[in-house]
Every structure is written in C-alpha cells, then in structure tokens.
Amino acid sequence: MSVKSNQKRRSLTKILVASAMMVGLAVVSFSPAQAAYPDRPITIIVPWGAGGGTDAVGRIFGNLLEQDLKVPVNVVNRDGGSGVVGHSAIITAEPDGYTIGIATVEVAMMHWVGLTKLTYADFTVFAQVNQDPGGLMVGTDSPYKSAKDLLAAIKEKPEKTFKASGTGQGGIWHLGMAGWLLSEGVDVAKVPWVPSKGSAPALKDMVAGGVDFVTSSLAEGRALIEAGKVLPLANMGDERLPLYPDVPTLKEATGSNWTVNVWRTIAGPKGVPQEVMDVLVPAIKRAYESDEYKKFMDGRGFGMIYRGPKEAYETMEKTDKSFGEVMKAAGLTN
Amino acid sequence: MDVFINAFGLIFDPYVLLVVILSGAFGLFMGAVPGLSATMATALLVPVTFFMEPVPALASIVTATAMAIFAGDLPGALLRIPGTPASAAYTNEAFAMTRKGQAELVLGTGLLSAVIGGLFGAVVLTFSAPVLAEFAIKFSSFEYFWLASLGLTCAAFVSSESAAKGLISLMIGLLIATVGIDGTTGFPRFTFGSVELLGGINFIPAMIGMFAMAEVFRSVTAIKPPPEVEQRTIGNIFAGLGKVLYRYKFNLLRGSTIGVLVGALPGAGSDIAAWIAYAVSKKFSKDPEKFGTGHVEGIVDAGSSNNAGLGGTWVPALVFGIPGDSITAIVIGVLYVKGMNPGPTVFLEHPELIYAVFVSFFLANILLLPLGLTAIKCAKQMLRVPREILMPVILMFCVVGTFAINNTVFGVGIMLVLGVISYFLEENGFPIAPAILGLVLGGLLEESFMTSMIKADGDLLAFFERPVSAVLGVITILIWLSPQLAKVWRKIRRATPLGGR
Amino acid sequence: MKVNDAISGIIFILFGFLVFYLTRDFPIMPGQRYGAGLFPNLIGFFMGVGGVALIVRGVKTRNGAPWATVMDWVSSPRHLSSFFLVIFVLIFYILISDHLGFIPTAFICLFVLLLWLRGPATWPSSVVISILATIVIQQFFGEFLRVPLPWGIVPIFGW
Chain A
1 MSVKSNQKRR SLTKILVASA MMVGLAVVSF SPAQAAYPDR PITIIVPWGA
51 GGGTDAVGRI FGNLLEQDLK VPVNVVNRDG GSGVVGHSAI ITAEPDGYTI
101 GIATVEVAMM HWVGLTKLTY ADFTVFAQVN QDPGGLMVGT DSPYKSAKDL
151 LAAIKEKPEK TFKASGTGQG GIWHLGMAGW LLSEGVDVAK VPWVPSKGSA
201 PALKDMVAGG VDFVTSSLAE GRALIEAGKV LPLANMGDER LPLYPDVPTL
251 KEATGSNWTV NVWRTIAGPK GVPQEVMDVL VPAIKRAYES DEYKKFMDGR
301 GFGMIYRGPK EAYETMEKTD KSFGEVMKAA GLTN
Chain B
1001 MDVFINAFGL IFDPYVLLVV ILSGAFGLFM GAVPGLSATM ATALLVPVTF
1051 FMEPVPALAS IVTATAMAIF AGDLPGALLR IPGTPASAAY TNEAFAMTRK
1101 GQAELVLGTG LLSAVIGGLF GAVVLTFSAP VLAEFAIKFS SFEYFWLASL
1151 GLTCAAFVSS ESAAKGLISL MIGLLIATVG IDGTTGFPRF TFGSVELLGG
1201 INFIPAMIGM FAMAEVFRSV TAIKPPPEVE QRTIGNIFAG LGKVLYRYKF
1251 NLLRGSTIGV LVGALPGAGS DIAAWIAYAV SKKFSKDPEK FGTGHVEGIV
1301 DAGSSNNAGL GGTWVPALVF GIPGDSITAI VIGVLYVKGM NPGPTVFLEH
1351 PELIYAVFVS FFLANILLLP LGLTAIKCAK QMLRVPREIL MPVILMFCVV
1401 GTFAINNTVF GVGIMLVLGV ISYFLEENGF PIAPAILGLV LGGLLEESFM
1451 TSMIKADGDL LAFFERPVSA VLGVITILIW LSPQLAKVWR KIRRATPLGG
1501 R
Chain C
2001 MKVNDAISGI IFILFGFLVF YLTRDFPIMP GQRYGAGLFP NLIGFFMGVG
2051 GVALIVRGVK TRNGAPWATV MDWVSSPRHL SSFFLVIFVL IFYILISDHL
2101 GFIPTAFICL FVLLLWLRGP ATWPSSVVIS ILATIVIQQF FGEFLRVPLP
2151 WGIVPIFGW
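Protein chains in written order, with our numbering: chain A, 1 to 334; chain B, 1001 to 1501; chain C, 2001 to 2159.
Check each hint, because a few of them may be wrong.
Calculated lysine to aspartate or glutamate pairs in the EDC-like style (CA-CA distance at most 20 Å, straight line) [what the hints assert, rightly or not]:
id: 1; chain 1: A; residue 1: Lys163; chain 2: B; residue 2: Asp1459
id: 2; chain 1: A; residue 1: Lys160; chain 2: B; residue 2: Asp1457
id: 3; chain 1: B; residue 1: Lys1338; chain 2: A; residue 2: Glu226
id: 4; chain 1: A; residue 1: Lys318; chain 2: A; residue 2: Asp238
id: 5; chain 1: A; residue 1: Lys295; chain 2: B; residue 2: Glu1349
id: 6; chain 1: B; residue 1: Lys1338; chain 2: A; residue 2: Glu184
id: 7; chain 1: B; residue 1: Lys1138; chain 2: A; residue 2: Glu226
id: 8; chain 1: C; residue 1: Lys2002; chain 2: B; residue 2: Glu1426
id: 9; chain 1: C; residue 1: Lys2002; chain 2: B; residue 2: Glu1427
id: 10; chain 1: B; residue 1: Lys1338; chain 2: A; residue 2: Asp298
id: 11; chain 1: A; residue 1: Lys160; chain 2: B; residue 2: Glu1053
id: 12; chain 1: A; residue 1: Lys163; chain 2: B; residue 2: Glu1465
id: 13; chain 1: A; residue 1: Lys190; chain 2: B; residue 2: Asp1459
id: 14; chain 1: A; residue 1: Lys190; chain 2: B; residue 2: Asp1457
id: 15; chain 1: A; residue 1: Lys160; chain 2: B; residue 2: Glu1465
id: 16; chain 1: A; residue 1: Lys70; chain 2: C; residue 2: Glu2143
id: 17; chain 1: B; residue 1: Lys1138; chain 2: A; residue 2: Asp141
id: 18; chain 1: A; residue 1: Lys157; chain 2: B; residue 2: Asp1457
id: 19; chain 1: A; residue 1: Lys295; chain 2: B; residue 2: Glu1426
id: 20; chain 1: B; residue 1: Lys1138; chain 2: B; residue 2: Glu1426
id: 21; chain 1: B; residue 1: Lys1338; chain 2: A; residue 2: Glu292
id: 22; chain 1: A; residue 1: Lys163; chain 2: B; residue 2: Glu1426
id: 23; chain 1: A; residue 1: Lys294; chain 2: B; residue 2: Glu1053
id: 24; chain 1: A; residue 1: Lys160; chain 2: A; residue 2: Glu184
id: 25; chain 1: A; residue 1: Lys285; chain 2: A; residue 2: Glu311
Don't read these hints as lab results, they were simulated from the structure. Since the model is a prediction, treat every value here as computed from it, not as a measurement.
Using the sequences and the hints, build the whole thing.
What follows is the structure, given as structure tokens:
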C-alpha cells in the first residue's frame, strides 16, 4: 500500500511539475504585443437585467460598435443591488477601454443613500446617448383625469389615501414623486411609496388596483396606454414628447418647476487614456447617428440626446447635486 | 382565416424552417448543460435576431426555449443534475427512476408530456390570450402573496422526510433569498460589506451547487461503486409509454392547465409552475407514498406544466407588454426592435406576424419530438462514460456555467459553498427540494407581503378584502389546516354513532 | 459527519439566534413597526421551531446510538482526499483563473482531478481528455456563446 501510494505520489508530483513548467514557458514565450486600440474583444457591462431598457441600449450599441470597430463586443448583464453591483464592476475594471459600460442616472443617487461610495467622479464618460423625462400616470378607471385634479385631491384628502409606485425604495421614480410633491409644497410622507421591481410591475399593480399613480416615464407605459388601461397625465420634462404631443408637461399642468430625467451614458473606469478616447468617442457618436439606433429608440419611444464627454460629465455632476438636495429634503438619504 | 394562411406561409419558408431547426438544436444544448438556462439561450439569440426578419427572429426564440425546457430533464434524469431551473422540481424523482432501470420510461414520459404540454400552451395562447391576460393583470400584491404561500405549502408535499427537516430546509432556502438589497426598504442584508453579495445570491449557481456539486461529492466519496442497476444503455423509449400516458391523461391536462395559468401570471413562470404541478400531483394522487421513489405520475404533471408555462408567459407580454418571466422580458425588447410594439394594437396592426408566432409555437413543439429523441440518443452516451471521467468534466461545465451568469468567479464560490452545505444536509437526512423551493419563492413571498402591508398600512385584514385575494386566502388556509380538519372530521364521524340517536 | 437529530437541532437553534443577532439593527419601514428584519426574524424563528422538534425526535429515537458518527469514507484516506481535492480545485480556479487564464487553469483542474480519480497510470489518456474538454468548453462558451472567459497569460486568439 505505502509503496504503491508513494509511487503514485511521486509520479503525480512529476506530472504537476511538468505542467507548471509548461505554463511557465507559455508566459515567457508569449507576451502580448502592443497594438492599436482595439485589438481584442470589448465588454460592455450593463448594470441592469436582461430585457430592460438599459439592456436594450447596451445591446444595440454593442452591435453597432462591433461593426464599426471590427472587434467582438460582448454585452454582459451585472444586475442586482439597485445597480451598485454593475456600476462597481465598471469602475473597478482596467481603464484600458476594453471594459466599458452603460452608467445610468442611479449613479447620482445611490451614494446619497449610503449604498456605495462610488460617484460620477469615478467614471470616464464617453457620451450621453439617451434621456427620458419622468411621467405621471393613473389607471383609466381613476376618478382623476388631470394632474391638477390629482394634486388637489392629494392636498385635500388625509395622508396615506394615495399610494404611488414606479421603482424600488429610493429609486429614480420615487425621487421623481418626492421632488414633485416638494415643489407643490406637499409633505412627501403623505403619499406612501410602494416599492416595485421596476416600471412594468408597478404599472401592472396600478391596473390591478394596488396603487393610485405611477411616476415612471411615459415610454415605459406605452403598451398599457395603447391598451386603454393607463392614462398619462403629465411628463416631468422641459417640453412635450413627440410620442404623446397631447400630454402636457408638469409645468403646463400644475405650474410646478420640478423636472426629472433619467439618462444613460456610455462610460468606463476613471483614467481611460486619450488614444482610446480618440477612437471610442467618435465610434459611439457614429453609432448614435446611425439609422438603426434612431429606429430602435423611436420604436420604444425612448428620447434621443447626444452629449459629448465633457457635457455629459457636467450633466452627471449637475444631476448629482440637485438629486442630493431633493433626497435630503424628502428624507431619502441615510 | 386569411391571416392564418398568411401566417403559415410566413413560417413554412425554407429559411425560417432552417432557422427554427438550428435554434432547436441550440436550445437543446443550452438546456442540457447545467448552468445554461432557457433565459440565457434567449439572451444569446438576441444579437443574432437583429439581422433577421421578425418571424424567424421570434420563431427562433420560441423554438430554442421550448427545447431548452425539455432538455433540462436530460441531465436531471441521467445524473441528478437539473439542466434548467424548470426541471428542478422533479429531478430527484426522475433520477430515482433511472436508478430503477426505467431511464427509457422517464425520458419518454418527459418528452411526450413536454410536447403535449407545449401544444396545450400554444392552443391557449392562440385562442384565449386576450381573455387570459385580462385575468392575469388583475393580480396585485395581495393575490401574489397568497399564491406564494400556496407555493410554499408545496414544500410539505415535495419533502418525504420528516416535517421538521423539511421546514428547516425551506427556511434555509428562504434565508438565502433574503441576501442582498431588500426590495422594500433598500437596505442591504447579510452582505458583510461585499459588493457581490449586495446583488444577492443568484438562483442558478445556488441550484447547481445544491444538485451538481453535492452529486460530485457523493460520487468521489462513494466507497462502494454505485449499484450496477444504474443503467448503461437506453432502449426503446416508447415501450410502455402509451399505457402510462393513457393512465395519466388527466394529469396531462391538469399539469398543462396549471402551467399555462401560472405562466400567464407576470413574475411566476415555468419554474414555479413545475413545482406547483408536482405538488398538486402528489396531493391528489392515489398512491402518494410512491412519490420520491421513482414514480412516473409526478413527472407527467410537472413535465407538461413547464412547457405549457412557456406559452402562458407570452400572454401578458403580447397583450400588455408585461413580461411573464425573464424570457419574455427579453422577448418584449425584441418585439420593439422589430416594430411589433406589444399591446392590443399589435393584434390589429400585425395580425399575420402574431399568428406566425402562434404557429411557431405549434411547430416548435411538434419538432420537439424528433429533435428530443435525437437528444435522448446522444445524452444516453453519458451513461457509458465512467463516472471518474464524467464528474471532473461536469464539474468544469458547472464552473463555466456559473461563471457565465454574471461573468465573475463569485458564482463559482456560491456554488462551492452551497454544494458543501447541501451535501452535509442530505447526508443527515434533510431534503434539498424545499430549500430550492424557498429560493424560488422567497423574493416573491416577502415582496408581495411587504408591499401589501404598505398599501394596507399594516392592516392584515386587507389580505381578504379583494375578491380573488379572499378566495385564494381561504383556500390556502384550508389547505394548511386540512390535516387538523380531517382529524376533527374523523372524530365527529366516530362520535356520532355513539352520541346520536 | 452524520449527527443525531438532536445535535442538528441545537445547531439550527443557534443559527436562528445568529440570524436574530445579525438583524438587530435592520431599519424599520417609515410609519410601520417592522421592516427589513421581519422576514429574516420569522425565518430564524421557524428554524428554531424546527430545531426544537429535531431535538425531541433525536432524543426519543436515539436508543443508545452514538451522538455523531463519521461517514464511512472519512476513514478512507483516499476518499477523504478526493473530497478535499474537489474543494481545493475549485478554490484554485476561483483564485487563479483570472491571472492564469481559463485555458491553463481549466486544464490543470481537469488533469489533477482525472489523475487522482483514475490513477497515475492513466496519465496519457487523462492529458488527452483534459485537453479535449478544455478546448470544447473554451470553444463553446468562449467563442460561440461569447462568455468573456479570462485569457490571463495566454495570448488572445480566435474571436
């Protein structure tokens, strides 16, 4: 027994040493040569799940960049943790331009809640490629047919009469509702927020009679609006939407100055070198200007906007500040 | 009628048929490899569908998912490792049958009940999508809470071991489901400062750990080689199949119905459908004591329900743009890209495209028969490979499969830790099925309860205020109390002859 | 390790208390009396209930049997090593794959496991199987499914 197992052990060691040597050899003989960016596959990290709007934007950019840059572009979903996981994965990657991601508006929120330390300043921003204003929707069987009526009822009726939904606790549309109520001088605690996994479940819950209004973007409610189940009351942007020209802005509807927009930017970790930027930024711009992207965004009713690296970074900075103020006022921070 | 003829024309086109067959083979492979699921098959098809016309694009997704859900049974029956989450409910049962030398019967039953369930789902989708969608959309968090509670009671039926051990196993699953950011308060729970844990514990690495890893451990520590009754070859899979299916024809109908209904409820899907169908099968079976020992009845129910569920999940997706599960969440994105915006209008604007999708459901499930047979023939080769070769290779597939979920080795770590835990649990007689069920339902249960409590401002009676919710609630509570009620009933019956007259 | 149910029971009761301890400062929902800790606490409670039931059962059915027995394979060094080797190989993969790259790591993991399970005499066929399996997995996942398997020290080829 012992002789045999000794032998066994010896030959095992031999083989292990041999394979280690092979590996060592591999290191010496092949050191990757420096070539012009990009010379290998690029990964786009999407911090939200497959099937959502951000995922779709990531995938269409992946496709367009692949055709343009002539290297494979993989789209990877890293969802969970209210976006923290995926955004952290973007900023902790090597800043070599081979791992980039879609950074969403939540970057300007999650550090205020205390979920993470990461902020917009941890990113190298290549471009902003989309922006959608928040909205205000009720079920078609709701007695309130305008934002004004709804607001009056919220002010008049006792607290907790109305419930709203649209995202998780402390998510972007929760902020949208809080900012609106604050701008109208209503105590935010008057309308409890019912957290949901996203806009679609919230809208469904509203149709089922679970909540009274939803503050997500009108684009997300499109199918149910067309089905006559959901009534759009207002959009929380600066101007009316091409998709719903008859729906007033919040300012037109109630006189409130509150606006809230979600945006999606293409970004990488801090410190991406200039020569990579020189290739990537124009490629993203070309993809943005392509017919495919326009067709896709129009199809889903998503808003198109292009901001270059500097402007996009400034937008992130601005959003971060204003969201911080509203979240503190609404008691959403930790 | 013209629309239907047009739809047939769109599907029975050489290019579309080729796409369908290729995606069928792709789906079979994705389903059969542990770690790769029907959802992932769909996600991977998306970039390919960018270059296709709407009909082949959607037909490829329909076919791939139908095949993947069936193919998940293959490693489940042969190796006790479910290929997709939808097969997890009856993996132990199917493997027990293989152990008894009934591999032909279990795979044949799985295949035919999948085909029949899938066709049933296609019929319902084609003829009653709008009606069913109206029903499904009426479910709010109150109804979901009762549905999830009903699902949990299945744990009592799927665990044959002692009730206390089943309860603890269920609690372990539920506890794992609470890791990560809490949906209602946004507070990170049990994350110990880890960003990865903030995202929660993904179901697939957990499931692979609990089944596949535990099986690898059992295999490498087996002092005595596994009993030779374990089958090495597979004969005619149709032998005796007709008799089984005829005997359980009612189960086929019941399983398919459960599948479509549960599938049509947004957020439930095929995985949960299979669990419920299996538990219902055991509850109403004439011989419940045979369940868990390699009894074909539960496989008929559950095998038909998960494929029927696929059709169901398309109902709310097409009619209201609300995804029925993670697969249709991706499908909705594809629909938008193809200009077929979901909603009632799509039935008016593009009826021929919608009906082509329906036709592709029928086609996919009929194709499942020959392709599935081929897959069974290939899969049986696995039985011939010695286990000491098979296990390391399977382990490597599991590693890559769990890696691919989020592209981090974190998933591999989850698989390892849960594999070790569940190995020791099983050695000590704790059933694993309730833990898996807890993982599947934990999120839905807690979320629906907490959001309901916010809506009702803490009033528990609100769970009985809505009509559907009240009915579901009463049914659930009656089922919970049924053992006690039965006892009382027997007492009364025994007491009456003495006390009466 | 096979333990008497009473011992599992004690373990799960302790675990239930651990859950209570960990949830002690979970926040409550505004305006309610409970919050993020409610479900974990209920789970901990039911775990404890199950634990108590197991203790009762374990003590009742013990009949002089030992409180704990080790499984038969623990006394066989070969099987014990197999058990730990599987764990070790996975930890190795988790720690090394990113630096070394998928191809060499997978080859080493497969080769070590095959060699151990099949015996050193089989090394030629084990090498072949390891290489084939690594290539098949790399091609299927890395190339066809485009999973970004790490390249590590290996020069990137293919795509």
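Item to check | 20 Å limit on alpha-carbon distance, applied to hinted pair A/Lys190 and B/Asp1457 | outcome: Between A/Lys190 and B/Asp1457 the Cα gap is close to 12 Å, so the pair holds against 20 Å.
Checklist entry - Is the Cα-Cα distance between B/Lys1338 and A/Glu184 20 Å or less? => result violated (41 Å)
Item to check | Restraint status (C-alpha distance of A/Lys295 to B/Glu1349 at most 20 Å) | outcome: Cα-Cα ~18 Å, so holds.
Checklist entry - Given the hint that A/Lys285 pairs with A/Glu311, does the C-alpha gap stay at or below 20 Å? => result holds (14 Å)
Next on the checklist: What's the verdict on A/Lys70 and C/Glu2143, does the C-alpha distance respect the 20 Å limit or exceed it?
Outcome noted: Holds. A/Lys70 to C/Glu2143 sits at ~16 Å (cutoff 20 Å).
Checklist entry - Has the given pair, A/Lys160 with B/Asp1457, been kept, meaning a C-alpha gap of at most 20 Å? => result Satisfied, since the Cα-Cα distance of roughly 8 Å is no more than 20 Å.
Next on the checklist: Next pair to validate is B/Lys1138 with A/Asp141; report whether the Cα-Cα distance is within 20 Å.
Outcome noted: Holds, at roughly 13 Å.
Item to check | Straight-line alpha-carbon gap A/Lys163 to B/Glu1465, limit 20 Å | outcome: holds (17 Å)
Item to check | Pair hint A/Lys160 and B/Glu1465, alpha-carbon separation not exceeding 20 Å | outcome: Distance of about 18 Å is within 20 Å: holds.
Item to check | B/Lys1338 paired with A/Glu292 [C-alpha distance capped at 20 Å] | outcome: Roughly 11 Å separates the two Cα atoms, so the pair holds.
Checklist entry - Given the hint that B/Lys1138 pairs with B/Glu1426, does the C-alpha gap stay at or below 20 Å? => result Violated. B/Lys1138 to B/Glu1426 sits at ~41 Å, over the 20 Å cutoff.
Checklist entry - Is A/Lys160 within 20 Å of B/Glu1053, Cα to Cα? => result violated (49 Å)
Hints 6, 11, 19, 20, 22 from the earlier list are contradicted by this structure; the remaining hints agree with it.
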